[in-house]
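Protein chains: 2
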Amino acid sequence: MQYPEPIAQLIDSYMKLPGIGQKSATRLAFFTIDMQEDDVTAFSKALVAAKKDLHFCSICGNITETDPCVICADKTRDQSHVLVVEQAKDIMVMEKMKEYHGLYHVLHGVMSPIEGKGPEDLNISSLINRLQQNPTIKEVIIATNATPEGEATAMYLSRLIKPAGIKVTRLAHGLSVGSDIEYADEMTLFKAVEGRTEM
Amino acid sequence: MQYPEPIAQLIDSYMKLPGIGQKSATRLAFFTIDMQEDDVTAFSKALVAAKKDLHFCSICGNITETDPCVICADKTRDQSHVLVVEQAKDIMVMEKMKEYHGLYHVLHGVMSPIEGKGPEDLNISSLINRLQQNPTIKEVIIATNATPEGEATAMYLSRLIKPAGIKVTRLAHGLSVGSDIEYADEMTLFKAVEGRTEM
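Just so you know, the sequences run in chain order U and D. First residue of the first sequence: 0, per numbering that gives the first Met the number 0; consecutive thereafter. First residue of the second sequence: 0, per numbering that gives the first Met the number 0; consecutive thereafter.
Only chain U is shown next, with the shape it has when bound in the complex (with noise of 0.2 Å):
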């Protein structure tokens, strides 16, 4: 016996989700079947509406409704600095710090000979035509993460844009604040220590 139509085709949709395998998405499968119908036709249209409504902003590659998006459009933000991010969620975790009022540039990946993913799979050149028609930019910070592929990202994005003459910097790397040394792993410690700064 086999589940009904509905359902079978709920649970192989579910199963196309990162982290969630055939006995997961029978249990959401069935949570949807008893959930509110409103709840279930909202995420049904919001499904819809997250593909259908959202697009990259010509400019920086963020994800937005508007073209180019709030950020590259509020002319009130800092037009001197450009902060690299991998992805563009990233965005949302530097504007949850509040202290950076720079713009952003956001690649979509990092390079990964693994993965066959070259510069050219990258939104990097638009970001050199970005750098080269806004004289206004005058540092490059670079927020790719500290994983081997994010690194030699980094030092590529580095090599490219440095001759220009803008300045090009990386976010520090250490101890997280609030962690215990004991438990730090050998990279981050030879990181902190090596960028050790004097009190």
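Do not rely on the hints blindly, as some may be mistaken.
In this list, chains with the same sequence are indistinguishable; a pair is considered to hold if it fits within one copy or across any two.
[Said to hold, decoys possible] Cut-off 25 Å, straight-line C-alpha distance, at most; resulting in silico cross-link-like pairs (DSS-like, lysine-lysine): (1) Lys74 with Lys88; (2) Lys95 with Lys22; (3) Lys51 with Lys22; (4) Lys15 with Lys95; (5) Lys22 with Lys88; (6) Lys137 with Lys166; (7) Lys88 with Lys15; (8) Lys22 with Lys97; (9) Lys15 with Lys51; (10) Lys51 with Lys88; (11) Lys97 with Lys74; (12) Lys15 with Lys44; (13) Lys95 with Lys137; (14) Lys166 with Lys190; (15) Lys190 with Lys161; (16) Lys116 with Lys15; (17) Lys161 with Lys137; (18) Lys116 with Lys161; (19) Lys166 with Lys97.
Honestly, the hints are just simulated from the structure, not real lab data.
With chain U's structure known, arrange chain D on it following the hints.
For chain D alone, kept in the frame of chain U given last:
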């Protein structure tokens, strides 16, 4: 800065699912944006269809597209046994075993004083009706879970049905096949000793 409205909506919807908090919901929402358009459309339709096209079988309470459900409609099945489960998905688990060929009855929950759920909130009266109207039913197998609530519900049903001269049985509890005695909990071991069988 806030997420664009379509993302915020989608995060809200994902957060209504069990076991998914703000961070997972955000991750799933951004994943959805990167999904194939066809998959998202199929997902959206599956959600609505699961809510709209599925109903409870008027006989057994199973989730079904047709009424009665395929199991109740199948006259080749053993009409003398009714297996009582908590949830419709438990029927699937039983059917996968392929050794039970009787009928089912879904309670849609268990009695739980903490949640204020009494016998009248469960699909019990239709079970009693069914037993009264079908003298072919000779045995009711109670397959509620081995939780305090499941045990109490089993006991309640047993007292309700037995006086009508119908045999009432309960699934055996004991050690899982392939499990190690060393790691068994005391209640399971007690049930295993209590229910020991002659070799």
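Unmet hints by their number, sorted upward, for this structure
none
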